[in-house]
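S.K.: Residue strings, one per chain:
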Amino acid sequence: MNKRVLFEIKGMYRDDFRVTGYEFGEGEKTVCIVGNSRGNEIQQIYCCSQLIKKMKQLEEENRIIEGNKILIIPSINPYSVNIQKRFWSTDNTDINRMFPGYNLGETTQRIADGVFNEIKDYKYGIQFTSFYMPGDFVPHVRYMKEGFSTQEEAKKFGLKYIVERNVRPYDTATLNYNWQVWDTIAFSLYTNTTERISNTGAGQAVLSVMNFLANNGVIKYSAIGAKKIRIIDDAEFISVKTEKSGFFDALVKAGDKVEAGTPLAHIINPYEGTILETLYSPLNGTIFFIHNAPITYANTAVIKMLEEE
Amino acid sequence: MVEVVASVGLPIDEKLMIKKNRIIPDGKKEAHLKRISIVTGIHGDELEGQYVCYELQRRIAMEKDKLTGIVDIYPAMNPLGIDSITRGIPAFDLDMNRLFPGDIEGNMTEYLAAGIVKDVAGSDCVVDIHASNIYLTEIPQIRINELHKDFLVPLAKCANVDFIWVHGASTVLESTFAHSLNSIGTPVLVVEMGVGMRITKAYGNQMVEGIFNLMRELGIWSGDPVVVREPMISQDGDDVSYLNATASGLFVPEVSHGARLKEGELIGKIVDPLCGTVLDEVRAPQAGMLFTIRDFPIVDEGSLMGRILKEEVCKYE
Numbered sequence: 001m002n003k004r005v006l007f008e009i010k011g012m013y014r015d016d017f018r019v020t021g022y023e024f025g026e027g028e029k030t031v032c033i034v035g036n037s038r039g040n041e042i043q044q045i046y047c048c049s050q051l052i053k054k055m056k057q058l059e060e061e062n063r064i065i066e067g068n069k070i071l072i073i074p075s076i077n078p079y080s081v082n083i084q085k086r087f088w089s090t091d092n093t094d095i096n097r098m099f100p101g102y103n104l105g106e107t108t109q110r111i112a113d114g115v116f117n118e119i120k121d122y123k124y125g126i127q128f129t130s131f132y133m134p135g136d137f138v139p140h141v142r143y144m145k146e147g148f149s150t151q152e153e154a155k156k157f158g159l160k161y162i163v164e165r166n167v168r169p170y171d172t173a174t175l176n177y178n179w180q181v182w183d184t185i186a187f188s189l190y191t192n193t194t195e196r197i198s199n200t201g202a203g204q205a206v207l208s209v210m211n212f213l214a215n216n217g218v219i220k221y222s223a224i225g226a227k228k229i230r231i232i233d234d235a236e237f238i239s240v241k242t243e244k245s246g247f248f249d250a251l252v253k254a255g256d257k258v259e260a261g262t263p264l265a266h267i268i269n270p271y272e273g274t275i276l277e278t279l280y281s282p283l284n285g286t287i288f289f290i291h292n293a294p295i296t297y298a299n300t301a302v303i304k305m306l307e308e309e
Numbered sequence: 001m002v003e004v005v006a007s008v009g010l011p012i013d014e015k016l017m018i019k020k021n022r023i024i025p026d027g028k029k030e031a032h033l034k035r036i037s038i039v040t041g042i043h044g045d046e047l048e049g050q051y052v053c054y055e056l057q058r059r060i061a062m063e064k065d066k067l068t069g070i071v072d073i074y075p076a077m078n079p080l081g082i083d084s085i086t087r088g089i090p091a092f093d094l095d096m097n098r099l100f101p102g103d104i105e106g107n108m109t110e111y112l113a114a115g116i117v118k119d120v121a122g123s124d125c126v127v128d129i130h131a132s133n134i135y136l137t138e139i140p141q142i143r144i145n146e147l148h149k150d151f152l153v154p155l156a157k158c159a160n161v162d163f164i165w166v167h168g169a170s171t172v173l174e175s176t177f178a179h180s181l182n183s184i185g186t187p188v189l190v191v192e193m194g195v196g197m198r199i200t201k202a203y204g205n206q207m208v209e210g211i212f213n214l215m216r217e218l219g220i221w222s223g224d225p226v227v228v229r230e231p232m233i234s235q236d237g238d239d240v241s242y243l244n245a246t247a248s249g250l251f252v253p254e255v256s257h258g259a260r261l262k263e264g265e266l267i268g269k270i271v272d273p274l275c276g277t278v279l280d281e282v283r284a285p286q287a288g289m290l291f292t293i294r295d296f297p298i299v300d301e302g303s304l305m306g307r308i309l310k311e312e313v314c315k316y317e
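Just so you know, the protein sequences line up as chains A and B, in that order. Residue numbers are given in my numbering: position 58 of the first sequence equals residue 58, and the series is strictly consecutive. Residue numbers are given in my numbering: position 281 of the second sequence equals residue 281, and the series is strictly consecutive.
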């Protein structure tokens, strides 16, 4: 294992800003894995830490196949994590909207540029990312339709769900999109949580990356993936939206299978405790995403469901 | 007449309302009248437009008989942001100017954006007033996406600004309020002036004159013609040079905003308050006007400290 600083900015009032990478194996730049880019992506860092622990073990046991280099970057934004702020500490910009970056530009453009120069030549790119709303997901892998990533490659993670995403204008400055512009086969890995650590979720994430590496001949590892994999277009998700604002009382959790008509959540009057609204399942299917903050707003898609096949 | 354009109930005993005030000529019906919309407050930390909304209405009220069309004033597109000194939409931490055209069936923020677009669409001209951010001060200027320059530059020339900056198209900017409306034929002029969290009265008054002139050109105001400023116009990316910090520290300017600089002239210093040393001297890479200057003094490596418009475009003597 080679631990090195990939990018650094000298701090004035704070310690220097550092992006640290962990390299395993030697040879062709095969797989790069990136953890958090936002300050609240704690599970994403934790997943990387568990991966690094596993990769150290594999390296000691000579199970990294010769000719492959793997780079893991647990965090490209430690500054924001340390002050518990989602975006950049001073100007509130989002590093994951700054790619491919610009070395003469503003601070977050320079960070994106510094990181991207280190990671753009990898054959495969995997980013642990999060949804912009607070909530729990069924673990899955996503890729953008207009790129190099394919269903066949995505299946190598062995996860039960693969989501194909249609590119939107704001995607064009993300790491995932720009990796593909530079010919990297890129995936976003959604684990179940964001702001809290889930050992089970991290375990699933580590296993899925091990599957991917083993299936691409990068490591020796005997992995068992999902028997049945479902490919989902992101337009297939059925949103269950609130009509009212109030306390959010979930009655189900991500991954639950429910029948049409099952109560999914109550919206509670925050002063009087009465139920303002009950959200019901519109179909037989799986809870794919569910809001996990104590309050919710009206007109908000608090649950995303997947219809039973 | 004050109307609620879009609203949504918040969790605890509060309603989010986006309001507008419609001013119409006394005794006339709205149908077939020309309409100008003044929009501001998409970014909650940009307040220069608040004064413009007030002053414009004050002056219209003084000579209401000269009003011949509709003036719609939308002072607070992101009311929660303005009230909490937050640039984006609080709680969602989203830049409202990346949500347009919105979706009436979408989540709360998309729903609000769609409601705004529906209400403003069809205006004969929209002036979307921004105030840079809390870091940089700008001279009054209009920024135009090159895709829309043919129909926007002639309007912008009437608006009494000092500078028209035609910039390259960017996919990310397709989610802005201005792009969404310009793409469906409602012309939107994006004004940037002053600095975040402050009001620059002189710039506000200059903009109000410009809006009256636009109203005259559009047939919404019958007041006497005014002579507006002839703006500097940049259509070439090479016209503007950017001053990015080479070190983290305290930026101490040595010149004023709007200074006409010679090549190599000292603009400011980045200093280290702990050791009392100068970390870098910031000098003009080319002769021209310092049309952007940093107002917030702390810089990280890379922070923008200013922009210079090259001398040939400034046309000053």
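I should point out that these hints are in silico values taken from the structure, not numbers from a laboratory. Ideal Cβ placement from N, Cα and C applies to all residues, glycine included. There's no promise every hint is true.
If we take Cβ atoms under 10 Å as the criterion, some of the chain B residues that face chain A in the derived model are [as the list claims (entries may be wrong)]:
#1 121
#2 124
#3 185
Cut-off 20 Å, straight-line C-alpha distance, at most; resulting in silico cross-link-like pairs (EDC-like, lysine to aspartate or glutamate) [as the list claims (entries may be wrong)]:
#4 10/A with 30/B
#5 244/A with 13/B
#6 10/A with 272/B
#7 118/B with 30/B
#8 244/A with 272/B
#9 123/A with 113/A
#10 253/A with 277/A
Covered by chain A, according to a simulated footprint, are these stretches of chain B (three or more residues, beta-carbon under 8 Å) [as the list claims (entries may be wrong)]:
#11 31-44
#12 49-63
#13 107-117
#14 136-147
S.K.: If a hint holds in the structure, say so; if it doesn't, say that too.
M.R.: Taking the hints in turn, this is what the structure says about them:
no., hint, verdict
1, 121, "19 Å, violated"
2, 124, "27 Å, violated"
3, 185, "19 Å, violated"
4, 10/A with 30/B, "60 Å, violated"
5, 244/A with 13/B, "12 Å, holds"
6, 10/A with 272/B, "12 Å, holds"
7, 118/B with 30/B, "17 Å, holds"
8, 244/A with 272/B, "52 Å, violated"
9, 123/A with 113/A, "18 Å, holds"
10, 253/A with 277/A, "18 Å, holds"
11, 31-44, "violated (count 0)"
12, 49-63, "violated (count 0)"
13, 107-117, "holds (count 3)"
14, 136-147, "violated (count 0)"
Going through the hint list in order, the structure does not satisfy hints 1, 2, 3, 4, 8, 11, 12, 14.
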